[in-house]
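**Q** Here's the letter readout for the chains.
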Amino acid sequence: MTDRFETHEHDVLIIGAGGAGLRAAIEAMAQGARVGVVCKSLLGKAHTVMAEGGIAAAMANVDTADDWRTHFRDTMRGGKFLNNWRMAQLHAQESPERVKELEHWGALFDRTQDGNILQRAFGGHTYKRLCHVGDRTGLEMIRTLQDRGVQMGFDVFMECTILRLLTVGGRIAGAFGYWRETGRFVVFKAKSVVMATGGIGKAWKVTSNSWEYTGDGEALAYEAGADLLDMEFVQFHPTGMIWPPGVAGILVTEAVRGEGGILTNKSGERFMQRYDSKRMELSTRDEVARAIYTEVKEGRGSEHGGAYLDISHKPADYVKKKLPSMYHQFKDLADVDITAGPMEVGPTCHYMMGGIRVDAETARSTLPGLYACGEAAAGLHGANRLGGNSLSDLLVFGRRAGLAAAEYAKGIAQPSVDTAQIEESERGMLAPFERAEGESPYAVHRDLQEAMQDLVGIFRVEEDLKKALVELQKLRARANRVKVEGSRMFNPGWHMARDLQHMLTVAQAVTISALARKESRGAHSRIDFPKNDDTWGKQNNLIRKERGEMVLRQESTRDLPDDLQQILAEEK
Amino acid sequence: MAERTIRLKIKRQAGPEAEARWEEFEVPYHAGMNVISAMMEIALRPVTKEGTATTPVVYDSNCLEEICGSCAMVINGRARMACSALIDKLDQPVKIEPLTKFPVVRDLAVDRGVLFENLKKLKAWIPLDGTYDLGTGPRMGQKVQEERYPLSNCISCTCCMEACPQFNDKTNFVGAAAISQVALFNDHPTGAMLKEERLRALMGDGGVHECGYAQNCVEVCPKGIPLTRSISRVAGQVMIQSIKDLFGT
Chain A
7 MTDRFETHEH
17 DVLIIGAGGA
27 GLRAAIEAMA
37 QGARVGVVCK
47 SLLGKAHTVM
57 AEGGIAAAMA
67 NVDTADDWRT
77 HFRDTMRGGK
87 FLNNWRMAQL
97 HAQESPERVK
107 ELEHWGALFD
117 RTQDGNILQR
127 AFGGHTYKRL
137 CHVGDRTGLE
147 MIRTLQDRGV
157 QMGFDVFMEC
167 TILRLLTVGG
177 RIAGAFGYWR
187 ETGRFVVFKA
197 KSVVMATGGI
207 GKAWKVTSNS
217 WEYTGDGEAL
227 AYEAGADLLD
237 MEFVQFHPTG
247 MIWPPGVAGI
257 LVTEAVRGEG
267 GILTNKSGER
277 FMQRYDSKRM
287 ELSTRDEVAR
297 AIYTEVKEGR
307 GSEHGGAYLD
317 ISHKPADYVK
327 KKLPSMYHQF
337 KDLADVDITA
347 GPMEVGPTCH
357 YMMGGIRVDA
367 ETARSTLPGL
377 YACGEAAAGL
387 HGANRLGGNS
397 LSDLLVFGRR
407 AGLAAAEYAK
417 GIAQPSVDTA
427 QIEESERGML
437 APFERAEGES
447 PYAVHRDLQE
457 AMQDLVGIFR
467 VEEDLKKALV
477 ELQKLRARAN
487 RVKVEGSRMF
497 NPGWHMARDL
507 QHMLTVAQAV
517 TISALARKES
527 RGAHSRIDFP
537 KNDDTWGKQN
547 NLIRKERGEM
557 VLRQESTRDL
567 PDDLQQILAE
577 EK
Chain P
11 MAERTIRLKI
21 KRQAGPEAEA
31 RWEEFEVPYH
41 AGMNVISAMM
51 EIALRPVTKE
61 GTATTPVVYD
71 SNCLEEICGS
81 CAMVINGRAR
91 MACSALIDKL
101 DQPVKIEPLT
111 KFPVVRDLAV
121 DRGVLFENLK
131 KLKAWIPLDG
141 TYDLGTGPRM
151 GQKVQEERYP
161 LSNCISCTCC
171 MEACPQFNDK
181 TNFVGAAAIS
191 QVALFNDHPT
201 GAMLKEERLR
211 ALMGDGGVHE
221 CGYAQNCVEV
231 CPKGIPLTRS
241 ISRVAGQVMI
251 QSIKDLFGT
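Residue numbers (this note's numbering), protein chains in the order written: chain A, 7 to 578; chain P, 11 to 259.
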């Protein structure tokens with residue numbers, strides 16, 4: 007039955023070719039597994055490439071007092087203690103080794119005087135801890151991992167989108183997808199699958215995420231029966247570009263405010279005075295975001311719904327010297343000279359702390375044969391992620407996922423695939439071509455982004471969240487009736503019709519989780535429940551598909567063992 | 011409605027074998043828009059200037075902040091990144107074509123796989139087989155780091171190959187990007203182990219001698235990589251290597 011489809015067979019199939027996916031692939035190959043890597047875009051162009059700051063690892067090259075314990079404590083504090091503590095421990099312990107390895111594979115890092123890897127300070131980290139390459143660490147990481155993978159000879163399937171995970175008897179059997187280029191379907195038979203697809207930012211209107219971030223991994227895992235964890239924790243960075251439209255969402259580094267940048271509203275008032283007169287613009291991220299949000303809500307926002315951020319009162323040379331990449335970012339991409347006038351900024355959807363629930367040691371999901379790592383997985387960052395902990399996450403848990411997925415594959419025979427699952431997926435995928443009429447998927451996407459931005463944004467309230475659930479239901483109905491013009495060959499409208507389904511699934515998961523968590527913690531801010539709640543501080547939100555319905559339940563977190571408890575108690 | 015609009019002229023091609031044709035578009039103007047955001051407007055309402063329904067334009071893109079290297083195309087006759095091509099700075103109608111040195115997949119999307127093939131041929135990586143202890147990692151002085159840093163800025167966009175008169179069907183020339191990566195890895199403490207092999211791979215057909223020093227590569231590189239400098243350095247290393255090989259030392 008599957009004869010009519012192009013079919014590939016591997017031990018381990020990796021979905022996603024960012025830092026986590028490539029690191030997983032390298033490890034699985036090192037274990038002798040036959041590895042295939044599927045990615046939506048081109049090899050080397052994944053979202054990791056945009057990471058700037060660096061890789062957090064307690065190497066103690068600059069601040070010799072640093073060690074894994076301090077990194078562990080910082081990570082737990084940043085995550086408001088909702089983190090999976092075992093993941094936070096492994097991450098802190100193994101990051102230095104992963105960085106060294108990356109350097110062996112050819113990554114260039116900035117150096118200390120005596121030739122070691124230089125480390126820089128970053129928000130929430132007690133010591134100078136971020137190993138970096140200028141302000142383009144992600145590019146270096148991706149290219150190094152890609153070179154290593156190419157040397158080892160992995161099979162890469164570029165510009166291919168996965169439509170569903172294939173299971174047999176409740177275990178992974180492979181995945182079914184299509185080539186974006188030709189529109190033809192393809193079957194990947196695999197003993198295990200590593201999900202490394204990244205985040206979900208494209209469900210919001212203003213995001214620093216690229217077009218690939220449509221929550222594919224989270225949605226595919228959920229549809230196949232795996233648990234999702236703490237989906238309400240979506241990190242919004244307070245300052246993203248909001249104008250001009252071509253660059254909306256692109257990050258404006260905190261350093262602009264650090265160097266003396268001033269935030270004003272439409273009447274030119276320095277509004278931080280009313281929110282945090284002591285720290286002003288250098289208040290914490292959530293405070294600044296709350297202030298901008300309030301100004302906009304109360305009608306004092308900038309022309310395009312944000313605030314003005316101005317550094318032009320400083321000498322032009324000073325700005326160019328202190329903020330070179332920001333100067334070029336605005337000059338090259340927006341033709342805005344930040345030495346001459348203000349930027350327009352607003353909160354931008356940046357990172358997903360929630361995701362596929364995994365086991366700390368093995369990155370195993372609750373579905374046998376399915377592993378997850380990187381942004382698609384949940385647990386390490388708890389309620390809020392520290393800068394720099396993302397790139398180290400990719401390396402540490404990418405490796406662990408690749409290792410465990412290869413080990414699992416060694417023990418089992420190649421599963422057969424279920425043709426009924428493939429045919430069902432094929433029918434759903436082709437339906438938008440067959441409809442006589444229907445609206446454009448782009449219009450539905452635009453409305454989804456508006457709804458999530460307005461109702462499930464940086465600050466949430468019960469009334470909005472309930473409204474969002476109603477909206478999402480309507481949007482799902484519309485998404486199920488979209489019409490796509492043209493052929494199956496490289497048809498962006500058709501791709502969007504599919505991505506929309508994934509975004510709607512994760513949007514719903516985020517919304518019902520956010521509605522349930524009646525407290526404010528980390529990135530989840532409830533206007534109607536502004537304080538931390540001790541009960542909620544010890545439970546996770548779990549989401550699972552049961553009889554076709556999205557079901558939410560809570561589960562208690564595990565208590566920390568004494569030795570880790572002691573580390574948290576230490577003051578440093 | 012007296013809304014301000016901009017004009018685009020885009021070369022469309024339905025598939026690798028299909029006939030290319032031009033389509034003109036008139037889309038709403040927004041302050042500071044770039045070529046990508048203009049094409050997003052077309053995707054929202056895929057109708058030509060004449061009012062004929064068409065399909066959204068196909069192109070590769072990703073980061074939209076000039077770091078991933080996906081959206082290279084020929085804009086008003088010049089190979090460049092579409093995300094940083096600001097409409098306000100371009101003559102209209104903005105003429106947009108796919109890169110010409112690579113096979114067209116559809117519309118503005120091309121197959122740039124040849125760059126990867128060249129990097130494989132030149133072993134542009136660090137030779138490690140995982141059988142020995144990593145120890146503390148290679149120490150590298152700030153000076154070497156600074157030398158290598160500009161070369162490591164490459165975003166594999168292939169603009170340098172597009173602009174190069176010697177990169178064509180006749181020469182098999184590997185192009186500036188790949189040669190610059192050879193320079194990068196030859197300077198790495200462990201990478202130097204493969205230096206000889208890399209240089210030998212650059213001696214034969216399509217090697218470094220194919221460069222005609224037109225200097226177009228360095229003109230178009232969006233990252234300002236000193237490509238001609240890399241080529242000169244590697245050409246020197248190749249010459250020394252071939253003399254060594256000749257005398258068998």
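Each hint should be verified, as a subset may be incorrect.
Stated by the list, open to error - Simulated DEER-style distance windows between Cβ atoms:
#1 Gly151(P) - Lys327(A): 37 to 45 Å
#2 Arg239(P) - Tyr324(A): 24 to 32 Å
#3 Thr70(A) - Gly151(P): 16 to 24 Å
#4 Gly151(P) - Gly266(A): 49 to 57 Å
#5 Arg10(A) - Pro113(P): 23 to 31 Å
Stated by the list, open to error - Straight line, CA to CA, 30 Å or less: simulated DSS-like cross-link-like pairs of lysine-lysine:
#6 Lys272(A) - Lys99(P)
#7 Lys130(P) - Lys59(P)
#8 Lys320(A) - Lys233(P)
#9 Lys131(P) - Lys254(P)
#10 Lys106(A) - Lys130(P)
#11 Lys489(A) - Lys254(P)
#12 Lys130(P) - Lys328(A)
#13 Lys233(P) - Lys327(A)
#14 Lys337(A) - Lys19(P)
#15 Lys99(P) - Lys19(P)
#16 Lys105(P) - Lys195(A)
#17 Lys153(P) - Lys99(P)
#18 Lys337(A) - Lys105(P)
#19 Lys233(P) - Lys134(A)
#20 Lys284(A) - Lys272(A)
#21 Lys99(P) - Lys337(A)
#22 Lys303(A) - Lys537(A)
#23 Lys326(A) - Lys21(P)
#24 Lys472(A) - Lys524(A)
#25 Lys205(P) - Lys131(P)
#26 Lys337(A) - Lys130(P)
#27 Lys303(A) - Lys489(A)
#28 Lys153(P) - Lys134(A)
#29 Lys131(P) - Lys337(A)
#30 Lys328(A) - Lys19(P)
Said to hold, decoys possible - Covered stretches of chain A, going by a simulated chain P footprint (3 or more residues, C-beta under 8 Å):
#31 50 to 64
#32 110 to 117
#33 144 to 158
#34 335 to 342
#35 482 to 496
#36 518 to 532
Everything labelled a hint here was simulated from the structure, so no lab data went into it. All residues carry an ideal CB built from backbone N, CA and C; glycine is no exception.
**Q** Hint by hint, say whether it matches the structure.
**A** The hints, checked one at a time:
no., hint, result
1, Gly151(P) - Lys327(A): 37 to 45 Å, "violated, 25 Å"
2, Arg239(P) - Tyr324(A): 24 to 32 Å, "holds, 31 Å"
3, Thr70(A) - Gly151(P): 16 to 24 Å, "holds, 20 Å"
4, Gly151(P) - Gly266(A): 49 to 57 Å, "violated, 34 Å"
5, Arg10(A) - Pro113(P): 23 to 31 Å, "holds, 27 Å"
6, Lys272(A) - Lys99(P), "holds, 28 Å"
7, Lys130(P) - Lys59(P), "violated, 45 Å"
8, Lys320(A) - Lys233(P), "holds, 27 Å"
9, Lys131(P) - Lys254(P), "holds, 21 Å"
10, Lys106(A) - Lys130(P), "holds, 24 Å"
11, Lys489(A) - Lys254(P), "violated, 66 Å"
12, Lys130(P) - Lys328(A), "violated, 39 Å"
13, Lys233(P) - Lys327(A), "holds, 18 Å"
14, Lys337(A) - Lys19(P), "holds, 25 Å"
15, Lys99(P) - Lys19(P), "holds, 16 Å"
16, Lys105(P) - Lys195(A), "violated, 44 Å"
17, Lys153(P) - Lys99(P), "violated, 38 Å"
18, Lys337(A) - Lys105(P), "holds, 23 Å"
19, Lys233(P) - Lys134(A), "holds, 29 Å"
20, Lys284(A) - Lys272(A), "holds, 22 Å"
21, Lys99(P) - Lys337(A), "holds, 12 Å"
22, Lys303(A) - Lys537(A), "holds, 21 Å"
23, Lys326(A) - Lys21(P), "violated, 38 Å"
24, Lys472(A) - Lys524(A), "holds, 13 Å"
25, Lys205(P) - Lys131(P), "holds, 13 Å"
26, Lys337(A) - Lys130(P), "violated, 36 Å"
27, Lys303(A) - Lys489(A), "violated, 36 Å"
28, Lys153(P) - Lys134(A), "holds, 22 Å"
29, Lys131(P) - Lys337(A), "violated, 38 Å"
30, Lys328(A) - Lys19(P), "violated, 40 Å"
31, 50 to 64, "holds (count 6)"
32, 110 to 117, "holds (count 7)"
33, 144 to 158, "holds (count 8)"
34, 335 to 342, "holds (count 6)"
35, 482 to 496, "holds (count 5)"
36, 518 to 532, "violated (count 0)"
Checked against the numbered hints above, the structure violates hints 1, 4, 7, 11, 12, 16, 17, 23, 26, 27, 29, 30, 36; every other hint is satisfied.
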